[in-house]
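Q: Below are the chains, spelled out letter by letter.
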Amino acid sequence: MAELIARTPCAGLLPLAVGGVDLTEESLGALTTLSPRRGQEAALSEALEAAHGMAFPAPNRTTGKAGARAIWFGRGQALLAGPEPDADLARLAALSDQSDAWAVVRLRGAGAVDVLARLVPLDLRAAAFRRGHTARSELAQMMASITRLGADDFQIMVFRSMAATLVGELKTAMEAVAARG
Amino acid sequence: MRIAGNGLLGEARQVAFSFDGRRFTGLEGDTLASALLAGGVRLMGRSFKYHRPRGVLGAGSEEPNALVTIGRGAAREPNMRATVQEIFDGLEASSQNRWPSLGFDLLSLNDLAAPFFGAGFYYKTFMWPKSFWEKVYEPMIRRAAGLGALSGLPNPDRYERAFAFCDLLVIGAGPAGLMAALVAARSGADVILADEDSRMGGRLLAETREIGGQAGHAWAAEVLAELGAMANVRLMTRTTVVGAYDQGTYGALERVGHHRPRHSRALPLECFWRIVARRAVLAAGALERPVAFRDNDRPGIMTAGAVRAYLNRWGVSPGRAVTVFANNDDGHRTARDLVAAGVHVAGVIDSRHDAPLSDAFEVHRGARVCGASGRRGLESITIRSVAGESRVQTDCLGVSGGWNPSLHLSCHMNARPLWRRDIAAFVPAPGAVPGLEPAGACNGAFSTAACLREGAAAARAALADLGRRPAGFDLPQAEDAAYAITPLWAVPGRGRAWLDFQNDVTVKDVRQAAAENFRSVEHMKRYTTQGMATDQGKNSNVSALAVLADATGRGIAETGTTTFRPPYVPVAIAALGAGGQGKGFAPERLTTSHSASVERGAPMIEAGLWYRPGYFPAPGESGWRQSCDREVNMVRGAVGVCDVSTLGKIDIQGPDAGALLDFVYTNRFSTLKAGRVRYGLMLREDGFVMDDGTTARLGETHFLMTTTTAAAGEVMRHLQFVHQCLRPDWDVSIVSVTEQWAQFAIAGPKSRELVNGLLDTPLREGDWPFMACGPVSVLGVGARLFRISFSGEHAYELAVPARFGDSLFRMLLERAAALGGGPYGMEALNVLRIEKGHITHAEIHGRTTACDIGMAGMVSDGKDCIGKTMAGRPGLVDPGRERLVGLKPSGAARQLIAGAHLFAPGGDAVRRNAQGYITSAAFSPTLGHMIALAFLRHGPERIGETVRMVDHLRAIEAECEVVNPVFFDPEGGRVRG
Amino acid sequence: MRISCPICGERDRREFHYRGAALTRPAPDAGEAAWDAYLHLRDNPAGATRELWYHETGCGAWVVVTRNTLTHEMPGCELAAEAAR
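Protein chains in written order, with our numbering: chain A, 1 to 181; chain B, 1 to 977; chain C, 1 to 85.
Among the hints, a few may not be true.
[Unchecked claim] Here are some, though not all, of the chain B residues that point toward chain A, as calculated from beta-carbon distances under 8 Å:
id: 1; residue: 160
id: 2; residue: 162
id: 3; residue: 163
id: 4; residue: 190
id: 5; residue: 586
id: 6; residue: 587
id: 7; residue: 731
id: 8; residue: 735
id: 9; residue: 801
id: 10; residue: 802
id: 11; residue: 808
id: 12; residue: 926
id: 13; residue: 929
[Claimed, not checked] If you want the ones that stay clear, here's a sample from chain A, every Cβ over 12 Å from chain B, calculated:
id: 14; residue: 6
id: 15; residue: 22
id: 16; residue: 50
id: 17; residue: 52
id: 18; residue: 54
id: 19; residue: 83
id: 20; residue: 131
id: 21; residue: 149
id: 22; residue: 150
Hints were generated in silico from the structure; no laboratory data involved.
Glycine included, each C-beta is placed from N, C-alpha and C at the ideal position.
Hey, can you work out the whole structure from these sequences and the hints?
A: Pasting the structure below:
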């Protein structure tokens, strides 16, 4: 019988390594936006903790760990990345499945900060943007979600349709940083 | 000539380069100017207007004269300053604005005609006849008055942009800047130290002064080594901070590739930085100004400070018998340094009667230089004193008329500088740019000790603002001499004395402007073009306004300065727009079916940021019309598949979701049943149509809105505005899910057959009536099915998670082919919708109302909605407005054109008789003739009438019959069947 | 230019979309003059302004920014949803 074949947003585009910086595609599992109903913010955070072991993240922060993470995703919104959302959450929040909506890449290696500084108008200094911090911002005119996973380790998300532009922009910046030596 | 043992280059590597085809050798660390001076070249350029031979005037980025072209072919860069351009192996430089050669320039005839070319010459002369300006005068003037030329080829260089953040930005790495950076860095602040030179140190590299008992340049090197080793410091050489902007944002231009042979395409030529600093110290130093006297532009005449820079930094003496002309003590140091290096000093001419004397050289007290001779290189100067006139043989004259603080950035937010009589210069006004503290020479503090003191103080002030404790610190010892100056701007006398070297503005021009009543400094500037060249008058503006002040009998403070605007140095548009070249112009959004469509040879059409297939050429088809007609017939006769994922999809959830939809749409959605879809019309608050689309109710508190492709972003913004700003208490969430779903329109009489082949539970007759929606399962994958139609056929839209989009699209095409169907593109989609009279943004273009498109009935009476009040304005519901109709050709001419205007038959086709216009036109293969949608005055009342279509651009006319805009299946039997 | 988003903190102006003066929407029956003023009549002050910006590529909040057109100062930025209550 015929079967539908899944394709990832960056299929055929990644991985990529330039200089000391690696760019790979990430597969985070299910992605679900959670928007708490009015007055249910605290209850949702408790339910999230109970079901998935993490609190609802404060602005510009993430909770949880690799494999099951809640990434603050905008005003009154978090992205649950990893597990399928517990059915109970729907009582307290509006849920939207976004598992296929985002291209997720990981930029790692010495110079990753310099690469991002060419594309993102964010203060990425270690003291201002620490491990586990996240931001909604823009990357080369694209709406983006940027999360610091380590000193030279970033997760970058843009809309799926812009995966090729994302990879192209990152590649150009990686090459420019490497060319300076 | 190079002086052995002098300068900071030491045993540097030899570098080979060329100038106007001639080969030269310089040392690594040389600028083009220092290397050419070492090679005995004084003539480096021709002036803008008179083509006067010119040599180098300064030693920094303010250079007005020595502009050259670097490189060749597409990558050639005109107007590069020889004083900034570093040499490297293989560098090719050439002079500009001369023909046939730098030494012999035919257009220097302009110089002989100079008496006619004074200020305002062009304004007065080329006024008539008016038609001559564009075709004759302007090209002629442009050819004669010129800078370097661009290659005219696409720029092959890469430019880069970048962002940086710091606690303290220090602008300039001379003694004040180094001191500020050191104090701040030792106190733990994040510091960026930016300097436009290739080597940091500022004037410490050009002077022989000591700091803390060691040579100034050695102290600078020590400080830089310490700063370079600190993790909280970023040193940015070759980086000019060009502008100060709001909230501590600074623009800076970094020269990345200009100083090296470019082998790698990846290396950018320049990087434009946006630096956000909580505090900044302006330590930009000062620029020396010349004194104007007759023929003071001869090659070999330069600022006295530049002579010291060439001597002390690059080990080059610009002459063998050097003279100095000064009105202050500073100029005397040039003579002392030259004598110490063993260069003959032929005399110091000081306009002050109390000038200090020297054993090492002759000082002419109370004397002035009143002339210079040597057309292509200085040969002698004429000195005038109470004793009369005398001539001195000299091949280099260093001039010092005093120093102008480089306060430009302090004025970028509209502050005006203050005049300080004691130093005869302008200084920054306190608090001119919030968070920016001037220190050192740019603040009028000219001694080394004062620079160190002010640098440290500025850093301490910044640290206090940042809430940091300054580290303990002892200032090193340095010279602290007072700055003694008696102003002298211009030496009176006959002939032309130059102020603005680059734009060829003389003292006489400024006086003439004043005489013709251009007395305001801004008027004088524009009348004479003083300070309007690429150097922006850095050497000359203050002197020019002093001459103007004198001519108008006012003080300098009263006369005031012109406005200092960014950028501080010329910035290429390519650098400002860095990142926007080529594909960087805008992101590309690709659908999941993109690859499959491209494989089938479909040309792509841009729709907003999206790329959508125009048509799918079949073997043997020679043009888009053939493919399009086939695709339309295929949809009407069998089944077609089209990717519609680009339409905006917005999840609207919550108890107040229905209320929000009722408020943003003219019609009601709160009454829609779950599992049903409704068409909605959205207005702007001014009553005009904003967007349209269908919204499905997926559950009690869950709606899914679709928007048009082009307006998706605007609608999202609008929904958030309405919720957050107008109805913040509603419990509703609005989330874009456009990218989650790959959605395909499956249209045509065989659409159900095609869909059923894929659904795990096939649809039965009577299931899924028109405008039904709900979840389905496609080959085991959860999907959504909508029974909606844009083509007017029995049609579905099937949405699957985007990861399966590519696979589903290929499968749909394969199975459609077996049914006599296939994919259709934007062209066919457009024809299908015009046949059905469906509108797009061609019709809802921002000037049409619900009434204009025949949807007045969709504005619900029982509720308020965005735009409702203003839509009721009499002018917006007037039946006489241009309203939507269909048109078909009724005469011999069969062609209808979108954009053509409509007139009454027989009347003149002129604007005041215009009755409307065509918005969409297409050949309908279904009907066998062209059809069009149009807006026509009283349109729907005129069905059956004849109008005249005129396309003035193409000179095409046609007679048309006004018809119902729904050309095909007006009863809608097919869509419901 | 930097805007201090109450949610995200200080951010570059390029993340924001500008709308215009922050005004109160008139009631449907407020009359022609009120609607005309709301839609079309704008002051052009040399001094303090209150205007609406949308943190489009940031958190998606509409914010009311207080800005001085003469001094470039931005003394305030609050969430439009809270200002509207």
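Q: A closest beta-carbon separation below 8 Å is what the hint needs, so does residue 808 (chain B) meet it against chain A?
A: Since the shortest Cβ distance to chain A is 6 Å, the answer is holds.
Q: Far enough from chain B: is every CB of that chain over 12 Å from the CB of residue 6 (chain A)?
A: Since the minimum Cβ distance to chain B is about 4 Å, residue 6 (chain A) lies within 12 Å and the statement is violated.
Q: Go through the hint on residue 163 (chain B) and say holds or violated, using the shortest Cβ distance to chain A against 8 Å.
A: holds, 5 Å
Q: Does the claim that residue 150 (chain A) lies outside the interface with chain B hold up, using a Cβ gap greater than 12 Å?
A: The claim stands: residue 150 (chain A) keeps its Cβ more than 12 Å from every Cβ of chain B (closest is about 17 Å).
Q: May I ask you to check that residue 149 (chain A) keeps its beta-carbon over 12 Å from the closest beta-carbon of chain B?
A: holds, 20 Å
Q: Grab the minimum C-beta distance from residue 160 (chain B) to chain A and call the hint holds if it beats 8 Å, violated otherwise.
A: holds, 5 Å
Q: Go through the hint on residue 802 (chain B) and say holds or violated, using the shortest Cβ distance to chain A against 8 Å.
A: holds, 4 Å
Q: Would the hint on residue 735 (chain B) stand, with a C-beta cut-off of 8 Å toward chain A?
A: holds, 5 Å
Q: Given residue 929 (chain B) was flagged as interface, is its beta-carbon under 8 Å from a beta-carbon of chain A?
A: Violated. Min distance 38 Å.
Q: Beyond 12 Å from every Cβ of chain B: is that where the Cβ of residue 54 (chain A) lies?
A: holds, 20 Å
Q: Taking the minimum C-beta separation from residue 131 (chain A) to chain B, is that value above 12 Å?
A: Since the minimum Cβ distance to chain B is about 17 Å, residue 131 (chain A) lies beyond 12 Å and the statement holds.
Q: Mind checking the CB of residue 162 (chain B) against every CB in chain A and telling me if the closest is under 8 Å?
A: Because about 5 Å separates residue 162 (chain B) from the closest Cβ in chain A, which is inside the 8 Å limit, the hint holds.
In summary, the structure is inconsistent with hints 12, 13, 14 from the numbered list given earlier, while agreeing with the others.
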